[in-house]
Amino acid sequence: MTEPPIVEARHVSRTFPMAAAPVAALRDVSLGIASGEYVAVVGPSGCGKSTLLHILGCVDVPTGGEVLFHGRGVSSLSDGDRSRLRLRELGFVFQRFFLLPMLTAWENVELPQAEAGVDRAVRRRRATELLEYVGLSNRAGHRPSELSGGEMQRVAIARALANRPRLLLADEPTGELDQQTGGQIVTLLDELHKDGTAVVVVTHDMAVAARAHRLLTMRDGQIVESTSR
Amino acid sequence: MLRALHFAWRNSVRQPGRTCLGVLGVAAVGALLFDMLLLSHGLVLSFRDLLDRAGFDVRVLATDAAPLSGPRIVDAEAAVAAIARLPQVEAAVPVSIRNAEIVSQSEGARPIRVQFLGADPNARPMWTVIDGRDLSAGASAGSPLLVNRALAARLGVAPGSTVSLRGSCGPGSAALPQMRFAIVGVAEFPFDDAAAETVAGPISSLAGLCGDEPGSSVDMLLVRSNPKDGSESAAAAIRARLRGLHVVTNGELVERFSRVEFSYFRQISFVLATVTMFFGFLLIAVLLTASVNERLGEIAALRAVGLSRGRVVAGVLFESMMMVGAGAILAVPVGLALSVWLDGILRALPGIPTDVHFFVFESRALVSYAWLLGAASVGAALYPMRIVATLPIAATLRREVVG
Amino acid sequence: MDRTRIAAPFAIALVAAAALVTTGAAQTGQAADAPGVLLSRQLMERRQLHVGDLVRLSADPSGGRPQSFRILGVYEPTADPMRFAQPALEVRLHLPDLLALKRDPSQPAASDTVSAINVALVNPADADGFARDVSARLPGTTAASTMAPNDRTSTFVVIERFHLAIAIVTMIGSAVFLLALMIMMVDERRETVGTLRLIGFTRRRILLQVLAEGALIAVAGTTFGILFSFASQGAFNRFFQWRYDTSLVFLRITPGVVAQSILLAVPLGIVASLAASWALLRRGALALIRR
Numbered sequence: 001m002t003e004p005p006i007v008e009a010r011h012v013s014r015t016f017p018m019a020a021a022p023v024a025a026l027r028d029v030s031l032g033i034a035s036g037e038y039v040a041v042v043g044p045s046g047c048g049k050s051t052l053l054h055i056l057g058c059v060d061v062p063t064g065g066e067v068l069f070h071g072r073g074v075s076s077l078s079d080g081d082r083s084r085l086r087l088r089e090l091g092f093v094f095q096r097f098f099l100l101p102m103l104t105a106w107e108n109v110e111l112p113q114a115e116a117g118v119d120r121a122v123r124r125r126r127a128t129e130l131l132e133y134v135g136l137s138n139r140a141g142h143r144p145s146e147l148s149g150g151e152m153q154r155v156a157i158a159r160a161l162a163n164r165p166r167l168l169l170a171d172e173p174t175g176e177l178d179q180q181t182g183g184q185i186v187t188l189l190d191e192l193h194k195d196g197t198a199v200v201v202v203t204h205d206m207a208v209a210a211r212a213h214r215l216l217t218m219r220d221g222q223i224v225e226s227t228s229r
Numbered sequence: 230m231l232r233a234l235h236f237a238w239r240n241s242v243r244q245p246g247r248t249c250l251g252v253l254g255v256a257a258v259g260a261l262l263f264d265m266l267l268l269s270h271g272l273v274l275s276f277r278d279l280l281d282r283a284g285f286d287v288r289v290l291a292t293d294a295a296p297l298s299g300p301r302i303v304d305a306e307a308a309v310a311a312i313a314r315l316p317q318v319e320a321a322v323p324v325s326i327r328n329a330e331i332v333s334q335s336e337g338a339r340p341i342r343v344q345f346l347g348a349d350p351n352a353r354p355m356w357t358v359i360d361g362r363d364l365s366a367g368a369s370a371g372s373p374l375l376v377n378r379a380l381a382a383r384l385g386v387a388p389g390s391t392v393s394l395r396g397s398c399g400p401g402s403a404a405l406p407q408m409r410f411a412i413v414g415v416a417e418f419p420f421d422d423a424a425a426e427t428v429a430g431p432i433s434s435l436a437g438l439c440g441d442e443p444g445s446s447v448d449m450l451l452v453r454s455n456p457k458d459g460s461e462s463a464a465a466a467i468r469a470r471l472r473g474l475h476v477v478t479n480g481e482l483v484e485r486f487s488r489v490e491f492s493y494f495r496q497i498s499f500v501l502a503t504v505t506m507f508f509g510f511l512l513i514a515v516l517l518t519a520s521v522n523e524r525l526g527e528i529a530a531l532r533a534v535g536l537s538r539g540r541v542v543a544g545v546l547f548e549s550m551m552m553v554g555a556g557a558i559l560a561v562p563v564g565l566a567l568s569v570w571l572d573g574i575l576r577a578l579p580g581i582p583t584d585v586h587f588f589v590f591e592s593r594a595l596v597s598y599a600w601l602l603g604a605a606s607v608g609a610a611l612y613p614m615r616i617v618a619t620l621p622i623a624a625t626l627r628r629e630v631v632g
Numbered sequence: 633m634d635r636t637r638i639a640a641p642f643a644i645a646l647v648a649a650a651a652l653v654t655t656g657a658a659q660t661g662q663a664a665d666a667p668g669v670l671l672s673r674q675l676m677e678r679r680q681l682h683v684g685d686l687v688r689l690s691a692d693p694s695g696g697r698p699q700s701f702r703i704l705g706v707y708e709p710t711a712d713p714m715r716f717a718q719p720a721l722e723v724r725l726h727l728p729d730l731l732a733l734k735r736d737p738s739q740p741a742a743s744d745t746v747s748a749i750n751v752a753l754v755n756p757a758d759a760d761g762f763a764r765d766v767s768a769r770l771p772g773t774t775a776a777s778t779m780a781p782n783d784r785t786s787t788f789v790v791i792e793r794f795h796l797a798i799a800i801v802t803m804i805g806s807a808v809f810l811l812a813l814m815i816m817m818v819d820e821r822r823e824t825v826g827t828l829r830l831i832g833f834t835r836r837r838i839l840l841q842v843l844a845e846g847a848l849i850a851v852a853g854t855t856f857g858i859l860f861s862f863a864s865q866g867a868f869n870r871f872f873q874w875r876y877d878t879s880l881v882f883l884r885i886t887p888g889v890v891a892q893s894i895l896l897a898v899p900l901g902i903v904a905s906l907a908a909s910w911a912l913l914r915r916g917a918l919a920l921i922r923r
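Chains as they are written, first to last, in this note's numbering: chain A, 1 to 229; chain B, 230 to 632; chain C, 633 to 923.
In case anyone wonders, no lab produced these hints; they're calculated from the structure.
None of the values given here were measured: they were computed from a predicted structure.
It is possible that part of the hints are untrue.
Computed footprint of chain B on chain A; a stretch qualifies when at least three of its residues, placed anywhere within it, have a C-beta under 8 Å from a C-beta of chain B [as the list claims (entries may be wrong)]:
#: 1; segment: 28-34
#: 2; segment: 128-141
Where chain B lies over chain C, by a calculated footprint (3+ residues, C-beta under 8 Å) [stated by the list, open to error]:
#: 3; segment: 695-707
#: 4; segment: 837-845
#: 5; segment: 882-895
From chain C, some residues computed to sit far from chain B (all C-beta separations above 10 Å) [said to hold, decoys possible]:
#: 6; residue: ARG688
#: 7; residue: ALA711
#: 8; residue: SER767
#: 9; residue: SER786
#: 10; residue: ILE791
#: 11; residue: ARG793
#: 12; residue: ILE804
#: 13; residue: GLY805
#: 14; residue: ALA812
#: 15; residue: ILE858
#: 16; residue: GLN865
#: 17; residue: GLY866
#: 18; residue: ALA919
Each residue gets a CB set at the ideal place from its N, CA and C atoms; glycine is no exception.
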């Protein structure tokens, strides 16, 4: 029996009520992300890429259709259950990093584990490992204001990996970085994928998208093309 | 919970200048609130203490008018004897207070009006001698007299001096003859206000000053109950024995003053405490709401990472409690210092005994203060907690990117 | 007049005669001859009396030697700020009737006494001299000008000082909070300010902008505060007038108070916004736009 996808969207729609008229950000989108897959989602601004990522990451709830995680529907889950799902099964990386400015790099990485109730000694080891993995073990004690953009994003990736998620969702991870630094981030994502983590990256940068094994092109809230490399 | 507290602490100190200002603001508001709570019962407590320290716990008056403002007790000697015989009573002392004038030798000089406190020199004194001797100690040429410090300074007199007094004893008295008194001591009178000029002498001298028959009528009888029986028992026994007189214990007197004469200060303390609470609540709520609004993106990211709604909401509540808690602790010594200043202002009120204080510390006030500020910290956090609890994660993240 | 030992604001009302009001069936013969009396509204309500009722008054605390009087009317007592906490249970009689009521056969001379004599001088400026003269000529009396400071004025001076102290503390607390809020508001605009500085706006230019905004906020806030205080003035007065059953006005916003408030609040608001902005503008433009 084939393993079900980690996350699957079935005929998912998402409409936002606006003052002028409702906006259909997603229209009848269906896809599945398999274990260990590397998927890039591209498309023009406003096509629904980030909305799709939010739906897949259980940050948002679809207006229509359903989302399944390991074959189980998540739409009916409570807010608390969805939080726990994100904490233990998913990792999020944002365009604007969203590190906590008053915590050090090490503390930022440790935060999701602490929330998950992981033993202190285990947390320490894991945070140290992750910072080494992203090449920032020498910057562990620095606050975000003392780090460069690339370093902040690497800390954000380390944080996303804290609880060993099966799926990493990255929303424009190189959006605020220069080309060289962005390249370093993309290389890191490649390594993550090689180590077995499924990755879905939303990007408008085709160079980033080219690293993925499957490319989804979106337009006007729909997936218009799906290409496998 | 510890993690949430730790998180709240880190959030609070990320902007130390701003947090300090918030804490200082709470301290200022809290100090005022604390003082108003002290004021609400302070005067009553202090007055009760003053009455108790005078050494008598029951007062007998002619009517239920306030002491010394109503008619006098007639046949005082018989009343005193009857009360003293009661087993519940340890001592009964008649007291009269009348106005008098110091007769000046200078032509055209304005007479100095004093209050003459007439009491039994052999009873336990209601004053403290600070210079010279008491009325009952030793003989003197002429009727003995004690003067208070203010009067002694004004007249330039000391133990050994003499002074002439004329009574101003109310309706029916024509110009009364002068009487010569020998000042035997300077004393502090517990019920004197800052401007009082008080003298004390034997009650028989006061009767002579006013042209009354000795022992005919007095203003009130001070009674000390037998410690075994207590004031309530003594008062009940006196009421049963002397039905025409009005008997009041210290507690009843305090309750009456609290209800009538002191009610302004209770009301003002209630109003100011309410206004202060509202003010503090409003300001904490605004500070906290502004702080949360600044961090919406961060909060949305934390929710996206997997922190539960309850966790981030608890963080906001703990931040509020920390800021208010720190300010509240700082406010106590500030409030105590402030109360000394305010007490000094109010004690300048005419007629307030110098030994009475308006702001008196009691643990009940501290407990009320803690509860009120605790409630304020929770109430002020409700709106920002609601903002955080209902934060749409995806929309906020999107807005942050666009913003 | 005797003074209480705890005087001033706690002084019980003292009248020349302690009058006990009793209602009861008067002799029919007395009813027609009964002199008239006015009762305070509070006393009428307390005893549920009406105009035209016959009452018996006595100057003796035990109720001895009562006389009948007919209630001719009800009056609202002049509100006395020194006695507002005490219910105004009082009556007004013609002076001869009061003297007759107080008459004690055993002390005929005692009936010819009053509590006070009010004197209107031909030359009011001579009040102090006149008072001294009377005091010297009439031993046992006290004469004083109505303008002379006394316990009543001292009481209100102290109360005013107390309220001022409270106001000072409140202002300190408000100023601290205001500064905290201003710092937050200004910090929100950190990136905007940084961008403007990068474009080429001088610190002075931005500070002037802040000054204008601060003045606007301060004026708007002060106006709102004054309007709010006018509204709450009514509420406070109604509460205390209800609580003490008096027509006294406890709180009055005068033009002087308004002027004082404006003079304090507007500069405070402007200074707070300037202080908050200056702390921001001291930083470099790049530091401002960096997250």
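Consistency of the hints with the structure:
no.	hint	in the structure
1	28-34	violated (count 0)
2	128-141	violated (count 0)
3	695-707	violated (count 0)
4	837-845	violated (count 0)
5	882-895	violated (count 0)
6	ARG688	18 Å, holds
7	ALA711	14 Å, holds
8	SER767	6 Å, violated
9	SER786	5 Å, violated
10	ILE791	8 Å, violated
11	ARG793	5 Å, violated
12	ILE804	5 Å, violated
13	GLY805	3 Å, violated
14	ALA812	4 Å, violated
15	ILE858	16 Å, holds
16	GLN865	13 Å, holds
17	GLY866	14 Å, holds
18	ALA919	16 Å, holds
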